[in-house]
Structures are given as C-alpha cells and as structure tokens.
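S.K.: Each chain, letter by letter, is given below.
4 protein chains.
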Amino acid sequence: MSAITADVFNDLLAEKLPMGVALGIRALSMGKGTARLVMPFGPHLTRPVDVVCGPALMTLADVALYAAVLSEIGLVEMAVTSNLNISFLRKAERCDVIAEASLLKLGRRLAMGAVELIAAGSDDLVAHVTATYAIP
Amino acid sequence: MSAITADVFNDLLAEKLPMGVALGIRALSMGKGTARLVMPFGPHLTRPVDVVCGPALMTLADVALYAAVLSEIGLVEMAVTSNLNISFLRKAERCDVIAEASLLKLGRRLAMGAVELIAAGSDDLVAHVTATYAIP
Amino acid sequence: MSAITADVFNDLLAEKLPMGVALGIRALSMGKGTARLVMPFGPHLTRPVDVVCGPALMTLADVALYAAVLSEIGLVEMAVTSNLNISFLRKAERCDVIAEASLLKLGRRLAMGAVELIAAGSDDLVAHVTATYAIP
Amino acid sequence: MSAITADVFNDLLAEKLPMGVALGIRALSMGKGTARLVMPFGPHLTRPVDVVCGPALMTLADVALYAAVLSEIGLVEMAVTSNLNISFLRKAERCDVIAEASLLKLGRRLAMGAVELIAAGSDDLVAHVTATYAIP
Numbered sequence: 017m018s019a020i021t022a023d024v025f026n027d028l029l030a031e032k033l034p035m036g037v038a039l040g041i042r043a044l045s046m047g048k049g050t051a052r053l054v055m056p057f058g059p060h061l062t063r064p065v066d067v068v069c070g071p072a073l074m075t076l077a078d079v080a081l082y083a084a085v086l087s088e089i090g091l092v093e094m095a096v097t098s099n100l101n102i103s104f105l106r107k108a109e110r111c112d113v114i115a116e117a118s119l120l121k122l123g124r125r126l127a128m129g130a131v132e133l134i135a136a137g138s139d140d141l142v143a144h145v146t147a148t149y150a151i152p
Numbered sequence: 017m018s019a020i021t022a023d024v025f026n027d028l029l030a031e032k033l034p035m036g037v038a039l040g041i042r043a044l045s046m047g048k049g050t051a052r053l054v055m056p057f058g059p060h061l062t063r064p065v066d067v068v069c070g071p072a073l074m075t076l077a078d079v080a081l082y083a084a085v086l087s088e089i090g091l092v093e094m095a096v097t098s099n100l101n102i103s104f105l106r107k108a109e110r111c112d113v114i115a116e117a118s119l120l121k122l123g124r125r126l127a128m129g130a131v132e133l134i135a136a137g138s139d140d141l142v143a144h145v146t147a148t149y150a151i152p
Numbered sequence: 017m018s019a020i021t022a023d024v025f026n027d028l029l030a031e032k033l034p035m036g037v038a039l040g041i042r043a044l045s046m047g048k049g050t051a052r053l054v055m056p057f058g059p060h061l062t063r064p065v066d067v068v069c070g071p072a073l074m075t076l077a078d079v080a081l082y083a084a085v086l087s088e089i090g091l092v093e094m095a096v097t098s099n100l101n102i103s104f105l106r107k108a109e110r111c112d113v114i115a116e117a118s119l120l121k122l123g124r125r126l127a128m129g130a131v132e133l134i135a136a137g138s139d140d141l142v143a144h145v146t147a148t149y150a151i152p
Numbered sequence: 017m018s019a020i021t022a023d024v025f026n027d028l029l030a031e032k033l034p035m036g037v038a039l040g041i042r043a044l045s046m047g048k049g050t051a052r053l054v055m056p057f058g059p060h061l062t063r064p065v066d067v068v069c070g071p072a073l074m075t076l077a078d079v080a081l082y083a084a085v086l087s088e089i090g091l092v093e094m095a096v097t098s099n100l101n102i103s104f105l106r107k108a109e110r111c112d113v114i115a116e117a118s119l120l121k122l123g124r125r126l127a128m129g130a131v132e133l134i135a136a137g138s139d140d141l142v143a144h145v146t147a148t149y150a151i152p
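Protein chains in written order, with this note's numbering: chain A, 17 to 152; chain B, 17 to 152; chain C, 17 to 152; chain D, 17 to 152.
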C-alpha cells in the first residue's frame with residue numbers, strides 16, 4: 017500500500033509545486049512504488065504544431081516519479097531528482113497524457129524508476145523516462 | 017552568425033510556446049550553433065524548499081537547445097527533441113538561471129548539443145544537459 | 017516471429033563483433049522486437065571488488081538491443097546505436113548476467129528500446145538501459 | 017595536482033580491470049579532476065563495417081571518468097558508476113581514440129563528469145558522455 021494517498025500527494029502539489037498546478041497535473045492513484053497521474057490537454061501545453069510540448073511531458077514524468085518515490089518513503093519533500101533521461105517516441109496530439117511511474121530500485125540514498133507516458137484513450141507510448149532520485 | 021536573431025527567436029516563443037512564456041524564458045544572444053538564455057526567478061518556479069524546480073530547469077534547457085538548433089537551420093519550427101538527459105548538480109536557490117547551449121553535432125537528420133545551466137551572478141553549475149533533436 | 021533466428025544472430029556476432037565474442041555473449045532466443053541474451057561469468061569481466069564491471073554490462077545491453085532491432089528489420093549490419101543510457105542498480109557478483117531487450121518504438125529511421133539486465137538465477141535487476149538506434 | 021599519477025592508475029587497470037587491459041586502454045596524463053586516456057586501434061575493437069564499436073567507446077569513457085574521479089579522491093577502488101549516458105556522434109574509422117574526461121561536480125557521495133571521445137589526430141568528436149559515480 018502507498019505510504020500516502022493520491023489526495024495527500026495532490027495537496028502537496030497544490031501547496032508546494034506551482035508548475036504542477038499550472039499544468040493541471042494530478043495523481044489518479046498510488047500503490048507501493050507506483051503512481052498513475054494525468055495531465056489534461058490545454059492550449060497552454062502546446063508547441064508547434066499543436067502537439068503537447070516536451071517540457072510539459074518532462075514535468076509530468078518528473079512529478080510522477082516524485083509520487084512513486086513518496087509512495088514508498090512518505091512525505092519527504094526534499095527527495096530531489098538527480099538525473100532524468102527522456103526519449104520522445106510519438107507526438108501527443110491535443111490529448112490528455114497519462115503517466116505510469118514505477119520504482120525499479122529503492123535504496124537508502126537513491127531511488128530509481130521508470131515512467132511511461134501514454135496518450136489517454138490509446139495504447140500509444142508518447143515517451144519513456146528513467147530517473148534517479150536522491151533521498152535525504 | 018546565427019541564422020536568426022534572439023529577437024526573432026523570442027517572437028517565436030511568444031507566439032508558439034506558451035510554457036516558455038509562462039516561465040519568462042527569453043534568449044539573450046545567439047551565435048552560430050550557440051544560444052544564451054535566461055529564466056528570471058519567481059515563486060511560480062519553486063519546489064520544496066524554495067529552490068527552482070527541476071521541470072523549470074528542464075524547460076529552460078530544452079528551449080535553449082531549440083534556440084541553438086534554429087541558430088543553424090533557421091526557423092524550422094518542427095525540429096523536435098528526440099532525447100534529453102539532465103544531471104542536477106546544485107540547487108538553484110531563489111536566483112535567475114542562465115542557459116549556455118551549444119551544438120556538438122549538426123547532421124542532416126539529427127542535431128546534438130549540450131547545455132550548462134548556471135546560477136546567475138555566479139559560476140555555479142546547476143545542471144548539465146545533453147539532448148538530441150530530430151530535424152524534419 | 018523474429019526476422020532472424022538466435023543462431024543467425026550468433027553467427028553475425030562471431031564474424032563481425034570480436035568484443036561480443038571476447039565476452040562470451042550469445043543470444044538465447046529472439047522474438048519479434050525482443051531478444052534474450054546471456055553473458056557467462058568469468059574473471060575477464062571483473063572490476064574491484066570481484067563484481068562484473070560496468071563496461072561488460074554496457075556491452076551486453078548494447079548487443080541485446082542490436083539483436084532486438086535485427087529481430088524486426090533483419091540482417092541490417094549498419095544499424096548503429098545513437099544514444100545509450102544505463103542506470104546501474106545492484107552489483108552483479110560473480111554471476112552470469114541475462115539481458116532481456118525489447119523495442120518500444122520502431123520507426124523508419126530510429127528504433128528505441130529498453131533492456132533489463134538480471135543476475136542469472138534470481139530476479140535481481142542489475143541495470144536498466146534505454147537506447148536509440150539509427151536505421152540506415 | 018592529481019591525487020594519483022597516470023602510472024599509478026595504469027597499474028590499477030593492469031591489476032584490477034581486465035577489460036581495460038584487453039582493449040589496450042591507458043592513461044596518458046591526469047590533472048586535478050581531469051584525465052586524458054587513449055585506446056589504440058586494433059581489429060578486436062571493430063564492428064560492421066570496420067569502425068570502432070560502441071561498447072569499446074563506452075568502456076573507454078567509463079574508464080576515463082573513473083580516472084578523473086580517482087584524480088580527486090585517490091585510490092578508492094570502490095567508486096562505481098551509477099549512471100552513464102552516451103551520444104554517438106561520428107564513426108571512428110580505424111583510428112586510435114582519445115578520451116578527455118573532466119569532473120563537473122564532486123560531492124561527498126556523488127561525482128559527475130563529462131567525457132569527449134575524439135578520433136586521434138583530428139578534432140572530430142566521436143562521442144559525448146556524461147556519467148555519475150557513487151563514492152563509498
């Protein structure tokens with residue numbers, strides 16, 4: 017079971033991560049070491065030509081892995097990303113984007129996980145992300 | 017000499033990349049294969065505890081490499097990031113962030129470059145980024 | 017079904033990739049877009065202190081994704097890695113290492129995939145790799 | 017000044033890293049946080065079609081950053097790579113390859129650095145690498 021609920025995580029976002037709020041990112045569900053989030057489409061996310069921009073996708077992935085880390089260690093706000101690698105695979109055209117994050121390793125000092133970003137309502141993989149978190 | 021001026025790039029941002037606008041990112045100068053940008057500090061960029069959040073830094077880096085690519089190939093809006101890797105090195109505490117981007121390779125189909133993100137008014141390297149762009 | 021058999025891939029390795037031969041890497045099975053390989057433990061693979069060294073793991077991962085790419089496109093020798101990212105998760109202590117590679121995207125010009133490296137006889141994830149291949 | 021000489025590092029390679037020996041990798045010079053290494057060309061390094069294979073380049077880069085880390089912290093054999101990202105930029109055709117490694121950050125627990133791989137006798141950048149090391 018997740019150490020915190022999706023609601024608790026969404027409250028943290030609302031209070032402490034204005035960029036997540038600006039993009040409308042929110043957690044849908046959290047398990048132990050996993051998190052599912054959504055970023056609803058809107059014109060504020062676009063880039064030429066009318067697809068969801070890379071920075072919005074990177075933001076969603078980073079927040080999703082933050083959620084997956086907190087699902088294991090609880091509300092440790094100061095867990096910070098130390099490395100993130102993203103491969104953009106398909107355009108996300110005017111659609112909500114779903115993030116499925118899961119941890120691959122949880123050590124005392126480092127956590128590492130992967131995120132799949134998927135165009136909502138399809139199986140299309142928009143981007144694949146791996147990242148490492150430093151745990152204080 | 018850059019294929020486009022910093023002003024032309026800033027106009028493109030203003031019209032086509034709302035996330036860049038929301039973060040106040042703008043180009044300061046552009047050379048052939050290089051670009052220098054700034055992201056002014058503001059509370060909308062923060063994460064716990066009061067440092068510039070990773071997604072804002074990734075956005076700045078991605079926009080900076082986009083500028084460096086366009087400095088070589090001109091206003092090709094559809095150049096898109098295919099891969100980005102960022103290492104976060106030091107916290108950026110309540111400060112403007114400068115991006116120094118330069119291309120390491122410009123092929124017909126792919127460009128690859130590196131970005132250093134620096135806390136303004138210091139030599140502190142906040143993050144190091146490499147990324148690949150697909151050229152249509 | 018794979019475009020080539022594991023035997024055909026192993027013949028290619030034997031003839032054209034001396035580093036793979038030196039490390040004893042061989043394909044066990046191949047599917048459409050997937051490949052399973054093994055690297056048997058030996059003292060030539062070690063680093064301080066007596067664990068499988070990072071370069072051996074990177075070699076295995078790179079060869080495994082090459083196999084997964086060829087399982088889709090056939091014997092196109094000139095497919096080349098353009099980017100590879102590896103996260104080392106656990107030490108591989110004096111053990112054979114298994115690579116499970118699968119493609120996440122196959123485009124006309126680029127393929128992208130992931131590899132899990134696992135200590136043989138366990139479920140321990142030794143490393144996670146993503147890589148992009150350029151297809152000629 | 018480097019905490020260890022290139023000779024001391026080469027002795028470490030000879031005794032403890034057989035893969036480095038097999039590829040003929042050796043340090044040419046070391047400074048504080050920097051290292052310059054060479055990998056002489058030979059048929060054991062090739063891949064189709066007669067260029068230096070990716071795994072050999074990754075091995076050289078990894079060893080070069082190991083040298084740069086030890087140039088700062090001395091003979092700490094157990095420093096291990098935690099993440100490595102490589103972008104392959106140009107083919108290295110039947111040539112020696114030079115690695116120029118330098119640290120971008122040295123923390124208590126993590127070091128991060130970059131390596132440029134260059135075709136000997138030219139300015140051609142063959143690959144660009146960033147990596148993170150965990151310090152015990």
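Note that these hints are calculated values from the structure, not bench results.
Some hints here could point you the wrong way.
Which copy is meant is left open, because identical chains are indistinguishable; a pair holds if it fits in one copy or across any two.
Below are the DSS-like pairs computed for lysine-lysine, each with C-alpha atoms no more than 25 Å apart in a straight line [as the list claims (entries may be wrong)]:
hint, residue 1, residue 2
1, 121, 48
2, 48, 32
3, 107, 48
S.K.: Hint by hint, say whether it matches the structure.
M.R.: Structure-based check of all given hints:
1. Proximity of residue 121 and residue 48 under a CA criterion of 25 Å is satisfied intra-copy only: 12 Å inside one chain copy versus 28 Å between copies.
2. In this assembly of identical chains, residue 48 and residue 32 lie within 25 Å of each other by CA distance solely inside one copy; the values are 23 Å within and 39 Å between copies.
3. Proximity of residue 107 to residue 48 under the C-alpha cut-off of 25 Å is restricted to the inter-copy arrangement: shortest distance 24 Å between copies versus 30 Å within a copy.
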